[in-house]
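Novice: What follows is the residue order along each chain.
2 protein chains.
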Amino acid sequence: MQNILASIKIPVNQNLFLKDPSTSELGQKIIDGSIALMNQLGFERFTFKKLAIEIQTTEASVYRYFESKHKLLLYLINWYWGCIATRITLETRNIELPEQKLKKTIHILTALPNPEIDSLISNELALKEIIINESAKVLITKDVDEENKVGVFSVYKTLVSNVAAIINEVNRDYPYPNMLASSMIEGSNQQRFFAAHLPKLTNIKEDSDFVESFYLDLIFNTLKK
Amino acid sequence: MQNILASIKIPVNQNLFLKDPSTSELGQKIIDGSIALMNQLGFERFTFKKLAIEIQTTEASVYRYFESKHKLLLYLINWYWGCIATRITLETRNIELPEQKLKKTIHILTALPNPEIDSLISNELALKEIIINESAKVLITKDVDEENKVGVFSVYKTLVSNVAAIINEVNRDYPYPNMLASSMIEGSNQQRFFAAHLPKLTNIKEDSDFVESFYLDLIFNTLKK
DNA sequence: TCAAACATAATAGTATTACTATTACATTTG
DNA sequence: CAAATGTAATAGTAATACTATTATGTTTGA
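Protein sequence lines, in the order shown, are assigned to chains A and B.
With this note's numbering as the guide, the letters of the first sequence map in order to residues 18 to 242.
With this note's numbering as the guide, the letters of the second sequence map in order to residues 18 to 242.
Just so you know, the hints here were simulated from the structure itself, not pulled from any lab data.
Worth double-checking, as some hints may not be accurate.
No copy labels: a pair is met if it fits in one copy or bridges any two.
With a cut-off of at most 30 Å between alpha-carbon atoms, the simulated BS3-like pairs for lysine-lysine come out as follows [stated by the list, open to error]:
{"#": "1", "residue 1": "46", "residue 2": "26"}
{"#": "2", "residue 1": "67", "residue 2": "154"}
{"#": "3", "residue 1": "86", "residue 2": "217"}
{"#": "4", "residue 1": "166", "residue 2": "26"}
{"#": "5", "residue 1": "222", "residue 2": "159"}
{"#": "6", "residue 1": "120", "residue 2": "222"}
{"#": "7", "residue 1": "154", "residue 2": "88"}
{"#": "8", "residue 1": "174", "residue 2": "154"}
{"#": "9", "residue 1": "26", "residue 2": "86"}
{"#": "10", "residue 1": "217", "residue 2": "88"}
Could you build the full structure based on these sequences and the hints that come with them?
Specialist: Rendered as structure tokens:
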């Protein structure tokens with residue numbers, strides 16, 4: 018499969034930027050540069066000044082596009098989940114069997130992206146690492162209610178409810194489809210962080226990838242009637 | 018049950034403080050005050066200056082005990098998991114049946130503490146809320162490797178491995194006990210955050226508490242042979 | 001064609017906050 | 001009772017998130 022999605026416009030909530038970065042050259046440089054630099058430094062150490070130096074512009078110019086680094090990270094996260102949601106829709110469209118559909122969905126959500134095969138964007142792996150490492154910092158915040166009000170999380174909520182629907186196709190009576198979906202999505206990223214830094218919290222041995230297997234086992238056992 | 022644990026000394030890693038707060042009156046005021054204030058303001062808005070004003074001391078005095086607010090939060094988290102680990106040990110000691118032991122463990126880890134019955138400390142609920150809301154901010158960091166080196170997470174790792182052992186008592190062949198344990202511990206807190214702020218990511222209706230039921234169902238179905 | 005209107009970018013700041021160096025006061029101990 | 005030690009207060013510095021203002025193109029309409 019080629020980069021079909023590269024040409025598909027992923028809509029991102031208007032409240033996340035001052036000026037749409039996809040409409041200008043500098044905007045694109047801000048996005049690409051921030052993915053690289055934020056992944057390299059981490060959210061705390063990442064600053065607009067360092068970004069500006071990196072992409073050869075000024076701090077204030079970055080502020081023309083994003084009112085804060087918090088909003089910039091939200092933009093990246095939003096865009097990422099938009100891509101994933103689109104991938105699930107496209108790649109499960111022609112699958113009839115609910116079990117196969119769910120299996121594919123679990124794969125998309127929990128496996129590491131293969132840059133050769135299913136990469137949506139040039140730096141998907143770097144972006145995924147940002148999701149793994151930094152998501153919690155903007156999601157688990159005192160401001161979450163206000164941000165939720167302006168629709169910042171609607172993309173994510175739609176994704177969870179779509180996955181929940183696929184879960185219910187496999188077992189109509191399962192009472193916690195949304196919890197199962199959201200805990201898989203969040204948990205798989207967290208398990209990856211643990212595997213890299215606190216491996217004693219996991220059962221990942223050497224280089225074999227146990228995250229996808231863990232969730233396949235967990236979810237299909239739970240949904241078994 | 019009374020506050021048996023109030024008299025039990027919970028050991029906290031020496032690297033987390035400059036001066037042990039449990040050894041002085043001001044130290045105790047710093048702990049109690051920071052639990053209240055951090056819960057109220059959130060980690061970002063919480064500062065040592067605000068804390069100092071609240072407990073009628075000075076910013077510098079607080080720095081005598083903790084070298085940063087990051088370390089202070091780590092201290093609180095460490096202490097909390099120390100309490101929980103002790104509770105699990107004590108409250109499952111006399112249970113013979115592995116299934117009953119696991120059921121009790123899941124209850125301790127996923128249910129909200131009942132202030133009347135099983136409260137370890139005066140402000141356990143406030144501390145639990147801090148764990149729910151702020152844990153990720155100190156755990157998911159670029160510094161995690163260095164902090165892990167000095168043993169900051171050993172309490173938490175022991176807890177996970179104890180729960181994993183209880184899981185394996187129920188099913189010896191289950192291949193992912195640590196992942197199941199850590200994803201329950203982290204996931205239950207996250208689901209509580211979602212329930213409060215992004216309820217569409219959960220299946221919690223009204224005031225009934227679905228978190229414990231969700232994990233009971235999930236884990237016992239997964240471990241069924 | 002040319003200047004008014006607007007978009008974009010650069011300069012030079014301010015306010016906040018995490019953290020520290022130094023000094024002062026109080027308490028314990030031989 | 002004085003030396004040693006523990007504890008607290010004052011007055012900073014450095015970093016960083018963010019802003020106010022000015023400068024430089026770019027487009028648009030008579």
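Novice: Taking the hints in turn, state whether each one holds.
Specialist: Comparing the hints with the structure gives:
Taking CA atoms no more than 30 Å apart as the test, residue 46 paired with residue 26 passes inside one copy only; the shortest distance there is 18 Å, against 54 Å between copies. Taking CA atoms no more than 30 Å apart as the test, residue 67 paired with residue 154 passes in both settings, with 20 Å inside one copy and 22 Å between copies. For a Cα distance limit of 30 Å, the shortest separation of residue 86 from residue 217 across copies, 26 Å, qualifies, whereas the shortest one inside one copy, 33 Å, does not. Taking CA atoms no more than 30 Å apart as the test, residue 166 paired with residue 26 passes inside one copy only; the shortest distance there is 24 Å, against 44 Å between copies.
Proximity of residue 222 to residue 159 under the C-alpha cut-off of 30 Å is restricted to the inter-copy arrangement: shortest distance 22 Å between copies versus 37 Å within a copy. Proximity of residue 120 to residue 222 under the C-alpha cut-off of 30 Å is found in both arrangements, the shortest distances being 23 Å within a copy and 28 Å between copies. Taking the shortest alpha-carbon separations for residue 154 and residue 88, both the intra-copy value of 12 Å and the inter-copy value of 17 Å come in at or below 30 Å. For the homomeric pair residue 174 and residue 154, the shortest alpha-carbon distances inside one copy (18 Å) and between copies (22 Å) are both at most 30 Å.
Only within a single protomer do residue 26 and residue 86 lie at most 30 Å apart by alpha-carbon distance; the minimum there is 23 Å, versus 42 Å between protomers. Taking the shortest alpha-carbon separations for residue 217 and residue 88, only the inter-copy value of 22 Å comes in at or below 30 Å, while the best intra-copy value is 34 Å.
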